[in-house]
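Participant: First to last, the protein sequences are chains V and A. 346 is the number that this note's numbering gives to position 56 of the first sequence; each next residue is one higher, with no gaps. 538 is the number that this note's numbering gives to position 248 of the second sequence; each next residue is one higher, with no gaps.
It is possible that some hints are incorrect.
Calculated pairs, EDC-like style, for lysine to aspartate or glutamate (alpha carbon to alpha carbon, straight line, at most 16 angstroms) [what the hints assert, rightly or not]:
#1 A:551 x V:583
#2 V:551 x A:537
#3 A:551 x V:584
#4 A:369 x A:583
#5 V:520 x V:531
#6 V:515 x V:478
#7 V:551 x A:583
#8 V:369 x V:530
Derived by calculation from the structure, the hints in this document are not laboratory data.
There are 2 protein chains.
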Amino acid sequence: MRANPSVDELVSRARDGDARAVARLISWVEDEAPQLREVMAALAPYAGHAQIVGITGSPGVGKSTSTNALVGELRKAGKRVGVLAVDPSSPFSGGALLGDRVRMQDHALDRDVYIRSMASRGHLGGLSWSTPQALRVLDAAGCDIVLVETVGVGQSEVEIAGQADTTLVLLAPGAGDGIQAAKAGILEIADIYVVNKADRDGADQLRRELRGMIALGERDADDWKPPIVKTVAHKGDGVDEVVAEIDRHFAWLAESGELEKRRTRRVRDEIETIAVTALRRRWDDVHARVELDDLAAAVVAGESDPYTAADTLLENL
Amino acid sequence: MRANPSVDELVSRARDGDARAVARLISWVEDEAPQLREVMAALAPYAGHAQIVGITGSPGVGKSTSTNALVGELRKAGKRVGVLAVDPSSPFSGGALLGDRVRMQDHALDRDVYIRSMASRGHLGGLSWSTPQALRVLDAAGCDIVLVETVGVGQSEVEIAGQADTTLVLLAPGAGDGIQAAKAGILEIADIYVVNKADRDGADQLRRELRGMIALGERDADDWKPPIVKTVAHKGDGVDEVVAEIDRHFAWLAESGELEKRRTRRVRDEIETIAVTALRRRWDDVHARVELDDLAAAVVAGESDPYTAADTLLENL
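Okay, chain V solo, but in the shape it has when bound (with noise of 0.2 angstroms):
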């Protein structure tokens, strides 16, 4: 057993920008850990900085890279960056995206830039109940903005888009992909759409699909359109027009009052989450302290009833 370091010493040097602090304390929102009440307690103050941005799409639209490019333009224009690699379907957590970190290596070095991947799936309370928590830990770092990087396809997606104030959604030409997104649902969550790849065949075919399903979805002239962005993320092309989309976009959430909805519904579900994980694990303690075979067999024999049994099991929550 190494010595913990108390949780003021460690909110502090995570403030400070201190990485090592900072993985800790993402690593205790992985582990569940008890101290994790005292850290949101210490951290509530400084959270509510960071622009929160989901990046999500089909595997092999190239995530990885126009992560890592959009990195390197946000860092040109001298911000504090986050990346939150999340892939709910690995049961490993910390190093699970070893294949990502590499190619996200130009930025290894930086210490402007804080990159960590997360699994959780198989905890309690599951991704919805870690990434806000992990994301409310780089906030209060200091970063300016964190990139949420899903892996994995589906529900997951929608999930972790549900925790941004904007999301860019991935794709690229071939194979019949802005269909598959919209058979998926995932278009419906975009705020931005990012046809990458875009020097290959089909990608004006692409953007007119993208143009079409967007034009049948809009309603208010208030609404946010989605733009659509042409990249090619490896080449860095397009990307400084992708940052400036998401600069515009999150102009248009704190304008028109959508930023604060968006992150009161995001904290309203977290609350939630929180107190159901908890009412949850209070429900399995009372199961293995209060002897329900006893309770029935006193109902079983006539000595009670099951409505004075039920008190007894909850008396104990």
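Fit chain A to the given chain V structure using the hints.
Facilitator: Okay, now just chain A, sitting in the frame of chain V:
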């Protein structure tokens, strides 16, 4: 509003065999009335006498006719009989199974036969909440035996069978009924097989199929080996044998200790269902009472943290 009799009065009248008092108590179960807690406490010392027999099988095998014939046979032996017909798919209560009631009219005027249909899908706790409590009412009201007939197929049948001491699975020749029942998982719950419509072609074939399946499932020499009884319910053929097998199974249950085990397991499930239902209800109350949006807004503003907010939710439980 009609005047409500007191719980003590109703319970005492139900114990004297007053059908209207029994009906009122079962309506309270269906309505999840707050008085139930008091009712169940008052009934506790009188419960545990009745033998609970589940009757299940695909539509068209002759469940109602068989139940009717069984009631007649049990009445010959001087037993007080309850019939609870449960229709999980119907949103209607009380009069839901009029067709069955009409077919049961042989016994409609017999004050030692209590017939009741119940439908409770859509209520908070569902069938696993209401059925055991309705059975407890019939049990404490002095029934020697209660026949629980399930309408509908699949999971609900298995669920209701879990409430019985003895489960009859009815089958009829033709249309591969044996195979279908095997697929639906119904055969595993059978304590007694009844091949009804045994005067039709294929009855012996069906019995052979069942024997084969029983042989496959056999384990210990001490285990109960489900007998197969052939009946022609509308003529009353074989019904005496079914009653004899029910008695034999009950004697085995008592002697082997399985009766105590089954009843304890059932009551265990019942206690849990009541506790979870109460918890869910409190949770909904908290949602109605606590302004979750205010809690979330305080967290977004950095004035609180999600754990403290979750505590506020839980304190209100």
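Participant: Taking the hints in turn, state whether each one holds.
Facilitator: Results for each hint:
no.	hint	verdict
1	A:551 x V:583	10 angstroms, holds
2	V:551 x A:537	66 angstroms, violated
3	A:551 x V:584	12 angstroms, holds
4	A:369 x A:583	60 angstroms, violated
5	V:520 x V:531	9 angstroms, holds
6	V:515 x V:478	12 angstroms, holds
7	V:551 x A:583	10 angstroms, holds
8	V:369 x V:530	14 angstroms, holds
In terms of the numbered hints stated before, the structure departs from hints 2 and 4, listed from lowest to highest.
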